Amino acid sequence: AIEFQLRCPLSSQRVSGGGSLPSGEVDLAVTTARGTLIGGWYRDPVDMIASIDLLDSNGIAHPFGDGFYRYHGNVQDDGRTVPATGFVGFYQDIQSPVPILQPRSLMRLKSGNRHLMVPPAQPIDPAEARARILRAVPPQHLTADIIENCLAPVIGDLQQKLMASAKVDRVIEIGSAHDDPDVSIIVPLYRVLGFLRAQVGAFVCDDWVAKYCELVFVLDSPEQAEECEHLLRGLHVLYGIPMRLVVMTRNGGYARACNAGAEQARGHFLAMLNSDVIPHTPGWARGMASKLGGAEEVAIVGPKLLFEDGSIQHAGMYFARNESGKWLNYHYHKGMPDQFRDANIERSVPGVTGACMMIHRDAFDAVDGFTEDYVIGDYEDSDLCLKIRKADFDIKYVPDVSLYHFERKSISTHADYMRGVAAEYNAWLHASRWADALEDLHANGVPQNRSRKTPDGEAA
722 AIEFQLRCPL SSQRVSGGGS LPSGEVDLAV TTARGTLIGG WYRDPVDMIA SIDLLDSNGI
782 AHPFGDGFYR YHGNVQDDGR TVPATGFVGF YQDIQSPVPI LQPRSLMRLK SGNRHLMVPP
842 AQPIDPAEAR ARILRAVPPQ HLTADIIENC LAPVIGDLQQ KLMASAKVDR VIEIGSAHDD
902 PDVSIIVPLY RVLGFLRAQV GAFVCDDWVA KYCELVFVLD SPEQAEECEH LLRGLHVLYG
962 IPMRLVVMTR NGGYARACNA GAEQARGHFL AMLNSDVIPH TPGWARGMAS KLGGAEEVAI
1022 VGPKLLFEDG SIQHAGMYFA RNESGKWLNY HYHKGMPDQF RDANIERSVP GVTGACMMIH
1082 RDAFDAVDGF TEDYVIGDYE DSDLCLKIRK ADFDIKYVPD VSLYHFERKS ISTHADYMRG
1142 VAAEYNAWLH ASRWADALED LHANGVPQNR SRKTPDGEAA
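The sequence shown runs 722 to 1181 under the numbering used here.
Check each hint, because a few of them may be wrong.
[Claimed, not checked] Here are the simulated BS3-like cross-link-like pairs (lysine-lysine), alpha carbons at most 27 Å apart as the crow flies:
#: 1; residue 1: 1111; residue 2: 1012
#: 2; residue 1: 1047; residue 2: 1111
#: 3; residue 1: 1108; residue 2: 1012
#: 4; residue 1: 1055; residue 2: 1012
#: 5; residue 1: 1108; residue 2: 1047
#: 6; residue 1: 1108; residue 2: 1055
#: 7; residue 1: 1055; residue 2: 888
#: 8; residue 1: 1108; residue 2: 882
#: 9; residue 1: 1012; residue 2: 932
[Said to hold, decoys possible] With beta-carbon atoms standing in for the labels, derived distance ranges:
#: 10; residue 1: 1161; residue 2: 1141; range: 27 to 33 Å
#: 11; residue 1: 797; residue 2: 772; range: 21 to 27 Å
#: 12; residue 1: 957; residue 2: 794; range: 49 to 55 Å
#: 13; residue 1: 786; residue 2: 1157; range: 28 to 34 Å
#: 14; residue 1: 1121; residue 2: 1043; range: 29 to 35 Å
#: 15; residue 1: 955; residue 2: 804; range: 29 to 35 Å
#: 16; residue 1: 1113; residue 2: 970; range: 32 to 38 Å
#: 17; residue 1: 1154; residue 2: 893; range: 31 to 37 Å
#: 18; residue 1: 1067; residue 2: 860; range: 36 to 42 Å
#: 19; residue 1: 754; residue 2: 786; range: 16 to 22 Å
#: 20; residue 1: 803; residue 2: 1045; range: 27 to 33 Å
In short, the hints are calculated from the structure, not lab data. Predicted model, so just to flag it, every value in this text is computed and none were measured. C-beta atoms are modelled at their ideal positions from N, C-alpha and C, and glycine is treated no differently.
Starting from the given sequences, assemble the full structure and let the hints guide the process.
Following this line, the structure appears as structure tokens:
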């Protein structure tokens, strides 16, 4: 059983009834340019409710029709746990390009009586509104129909607004930058800064990185700007390695941070590296760079990633349906020993993880970088890989290069992602966008021995 927490106990915002009378509350109501979404709960012990309708700006009630979904659970009411019905509904024809603070609804009874349902004031900020939506339906009750017909239009509109406001605030040069680096190592930072000392120390111990690479850190939690700059300047004083700190105006997520880093990067190759990925031997960047291009025009390479106990976290990425039929991303040989034979064969793979990948700059630009409509940070890497494959470039897994990955240390600090709904939404968006490609890769594997394009578009 689930519980719907009453966030709005004021009687003016609820329809209340004692005993066998119906009661209910709309605690989510978001109007965007694509329509209006509401969510809440009601109790109807003797089946008195005919419908819950949405009011437009003229006070006219509109039934939701097929865009209204119910699920069963419990609600805390006056200290008691009682059965209740949760609901979520989307109405496309009531739209507004600017936020409406309190879109109103009606509870219509079979007797003909109508009761006004006024939600609490809704957040104006798109990230806060998105967070409310991600909490609208418990993960165990979320379905593909609810995502597609209710949540997706509104989340998509809010995500677009959020990306428009997540911009580069300032760029801080620490030390003298490389004039013409071979590789730009781009590290998005979000809240977790504890790995920076180990990561920068590992970079400094690699002569090739120090000579041919530039370091670009993108701070996606700008409230930490002073702390982060102080830490990086201290590391520069200690090691002498130059760095560039890109401070965002606000948290925009993994894809936006990586794209912003790429815009500020000068390298011919871009190495996307999570802040919790630590090289443990020199030569990793040079080894990956040496595999790009070539006769097969490889546009992306990914290394072996290891858990802290030395077992495999990533040996390339593939796609398969889970037990409920959903397309998900999987890592080859996850959990197997480092020296597992099949994980030590260099090969073309459907994709590689964004935790550590190196991509040819021309190919990255040709597919417009990372797609930015996934929520918080998930599936952007496989989306990029599928775009690269659609453009007829190759992707390779390089087992001779290995790094440690202390998995999901940053994203675990994001409460909205850890609730599970964001992951479900991203999986649905990814599958709906790439269904044909996923089916083809799953059935036929990676294309072999075919003519490829070079990153600048010429025939190979």
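A quick look at each hint next to the structure:
1. 1111 x 1012: Roughly 20 Å between the alpha carbons, so the hint for residue 1111 and residue 1012 holds.
2. 1047 x 1111: 22 Å, holds
3. 1108 x 1012: 20 Å, holds
4. 1055 x 1012: 23 Å, holds
5. 1108 x 1047: Measuring from Cα to Cα gives roughly 20 Å; hence the hint holds.
6. 1108 x 1055: 24 Å, holds
7. 1055 x 888: It is violated: about 36 Å lies between the C-alpha atoms, which goes past 27 Å.
8. 1108 x 882: At roughly 24 Å apart (the allowed maximum being 27 Å), residue 882 and residue 1108 satisfy the hint.
9. 1012 x 932: Given that 27 Å is the threshold and the Cα spacing comes to 19 Å, the pair holds.
10. 1161 x 1141: 27 to 33 Å: Since residue 1161 and residue 1141 have Cβ atoms about 29 Å apart, the given range 27 to 33 Å holds.
11. 797 x 772: 21 to 27 Å: Since residue 797 and residue 772 have Cβ atoms about 25 Å apart, the given range 21 to 27 Å holds.
12. 957 x 794: 49 to 55 Å: At 54 Å between Cβs, range holds.
13. 786 x 1157: 28 to 34 Å: Given range 28 to 34 Å: holds, Cβ gap about 30 Å.
14. 1121 x 1043: 29 to 35 Å: 32 Å, holds
15. 955 x 804: 29 to 35 Å: Taking Cβ atoms as reference, residue 955 and residue 804 lie about 58 Å apart, which means the hint is violated.
16. 1113 x 970: 32 to 38 Å: Taking Cβ atoms as reference, residue 1113 and residue 970 lie about 36 Å apart, which means the hint holds.
17. 1154 x 893: 31 to 37 Å: Roughly 36 Å apart at Cβ, these two residues keep to the hinted range, so it holds.
18. 1067 x 860: 36 to 42 Å: 38 Å, holds
19. 754 x 786: 16 to 22 Å: 21 Å, holds
20. 803 x 1045: 27 to 33 Å: Given a distance of about 30 Å, which is inside 27 to 33 Å, the answer is holds.
Hint violations for this structure: numbers 7, 15, all remaining hints satisfied.
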